[in-house]
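Chains A and B, in that order, are what the protein sequence lines are. Okay, so the first sequence: first residue is 1 according to my numbering, each after it adds one. Okay, so the second sequence: first residue is 1 according to my numbering, each after it adds one.
Please keep in mind that the hints were generated in silico from the structure rather than gathered at the bench. Among the hints, erroneous ones may be present.
[As the list claims (entries may be wrong)] To give an idea of the interface, some chain A residues facing chain B are shown, with a C-beta separation under 7 Å as derived from the structure:
no., residue
1, Gly-37
2, Thr-62
3, Ala-84
4, Lys-85
5, Ala-99
6, Asp-172
7, Ala-310
8, Tyr-313
Here a beta-carbon is modelled for each residue, glycine too, at the ideal position from N, C-alpha and C.
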Amino acid sequence: MLNRRHIIGAASAVAFVLSGNFALAEDKLYIPLISKGFSHQFWQAVKLGSEQAAEEFNVEVTFEGPDNEGQVDRQIDMLAAALAKKPAAIGFAAVDSQASIPMLKKIDKAGVPLIAFDSGVDSEIPVTTATTDNVAAAALAADKMAEAIGGAGKVAVISHDQTSRTGIDRVDGFVNQIAAKYPDIEVVSVQYGGGDHLISTEITKSILTANPDLKGMFGANEGSAIGVVNGVKEAKADIVIIGFDSGAAQKEAVRSGLMAGAITQNPVGIGYETVKAAVATINGESVPKIIDTGFYYYDKNNMDDPEIAAVLYD
Amino acid sequence: MTVVNSTSTPSLFARLIDTGAHQKLLAFASLVLLLIGFSIASPNFMQTSNMIAILQATSVNGILAVAATLVIITGGIDLSVGTLMTFCAVIAGVVLTNLGLPLPLGVIAAIGAGAFCGLCSGTFVSKMKIPPFIATLGMMLILKGLSLVISGTRPIYFNDTPGFDLISLGSIIGDFFPALPIPNGVLILFLVAGITSWILSRTILGRYCFALGSNEEAVRLSGVNTDRWKIAIYSLAGSIVGIGGLVMASRLNSAQPALGLGYELEAIAAVVIGGTSLSGGRGTIVGTLIGALIMAVLTNGLRILSVAQEWQTVVTGSIIILAVYADMVRRKKA
């Protein structure tokens, strides 16, 4: 009896698995998006944008990404599975652009057009890249910081990492803009918290301890910005905070005035433009090599404007 | 099956259950069922290229799981296999890219680093009497940190070592049978599994591995230096993880220092699905291989069916619980 129960158990597991199969409509173009992350709100907003475009252009999209941003091998497995599904095109945000090149060559050989999004790939294979101009976005953050602290004093930067394109570009964009335009502002510290709220909080507090006369801090992504807010709150310091991206906690900090303002990318637009570019490529239309999906600065005065509210996510 | 049959001579199936091969059979049957199920559900699943993709996805987790099996059979647990894999890859990166030494030295260094770390874990567990869970948890964190320190938190690329990518991505089998381009990484997995299986069943090290897991006190009282054998087993497991690190690094053509955390749990899941008991004394490498394949087939198949990612992990978790439950029921019966 036991054996039969086991076999029934195994069979029902398979049945459960198969019940998840929502038969794909065969006539629709299929475009899988392989992202850098998944559960983070930013990526969910990109997913939303891709789904909006899928509806508009009547194509089928799926959205997948590794659970955390270090898992290069998982992402390659996802690309392999996506390719097996014989897609019309593939959207891809590389965790490590070099490491994924053998797989990208395979996709290229199979004649499937590749659309890069969010982070670029050091290769000629992608037809186009839908991304934020992070250097320009961080330079705008530097301008806003200078404005808020009166053009002089010490500031610090907390970023998520020094390996990804976004991490490098945002730190460079901010630091170079300060160096070029604001000689009286000094960037005393650039630290990396892995985008982790708690680690970034601790780093913030130690920077505040080391520099009691600090005027402002820039958090270069959602996790870093929240960390700065928490750290400043815990240390009861009074400095200007400029953030990056949105999310419920960051929006609340801006609304309450704790954070002066933040740069937001347009994640919904990134997802939308990726699918749109894929459809255009499949139809034989030419697309520009880089699609700038735009960015905005928001503070408590403009965050409820329809244009801004549409790109902020919780 | 007639009444006469089942009372006088046990059927083949019943005999398999009695000899304990039943758990393996159950795992194997589940694997076959999954393969058939996914093939029916999607025409894209059963293609040579996709089967190879599944095997390739199994290669690293499979090797880590083989190492974890050894430790688990002794009644221990190894939480450090994921970050040790990364550490060994980083060591290979330092030797090959930063120092510019030839390829064989990088291979030896990676496997040696694995063996040394295994020796450390084994010493903590046996000589210092730290519970394996804590000792390897400590190692896991130490190695995660060291990988970041040594690499300067940046990936180390192997662009200056021609042929390094062939360890994982080349295909010796494909050179002889062009229709079957099975990557070397998969070949390495099967070689490692074969050799480990042989060690477990044919050598004194293997026998002590099971004996320690069944009743360590009895083994010690019969005059065996249990500490030494335990350290040897942890070292062997470490060197296998070193091979896993090489396969991973070769596949990515880089040592990724941030990688590794979470891989130990997937390896342990594969071991458990394969029927190895977490309380020690019982387990097989073949079972572990099947367990690793089930995990890879499941992940790949669910992706091919475009099941939402949120649900993929729910299904994987359910399968693990089902597998362990089957194991429990069987043991209660025995």
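Verification of the hints:
For Gly-37 of chain A, the suggested interface contact is broken, since its CB lies about 11 Å from the closest CB of chain B, more than 7 Å. Checking Thr-62 of chain A against chain B by beta carbon gives a least distance of about 5 Å; that is within 7 Å, so the hint holds. Because the closest C-beta pair between Ala-84 of chain A and chain B is about 4 Å apart, less than 7 Å, the hint holds. Because the smallest distance between the Cβ of Lys-85 of chain A and any Cβ of chain B comes to about 5 Å, under 7 Å, the interface hint for this residue holds.
Interface hint status for Ala-99 of chain A: upheld, as the beta-carbon distance to the closest one in chain B is roughly 4 Å, under 7 Å. A hinted interface residue such as Asp-172 of chain A counts as satisfied when its beta carbon comes closer than 7 Å to some beta carbon of chain B; here the least separation is about 16 Å, so the hint is violated. Hint status for Ala-310 of chain A relative to chain B: violated, with the closest Cβ pair at about 25 Å, above 7 Å. Against a cut-off of 7 Å between C-beta atoms, the interface hint on Tyr-313 of chain A is violated, since the closest Cβ of chain B lies about 18 Å away.
Consistency with the previously given hints fails for numbers 1, 6, 7, 8, ordered from lowest to highest.
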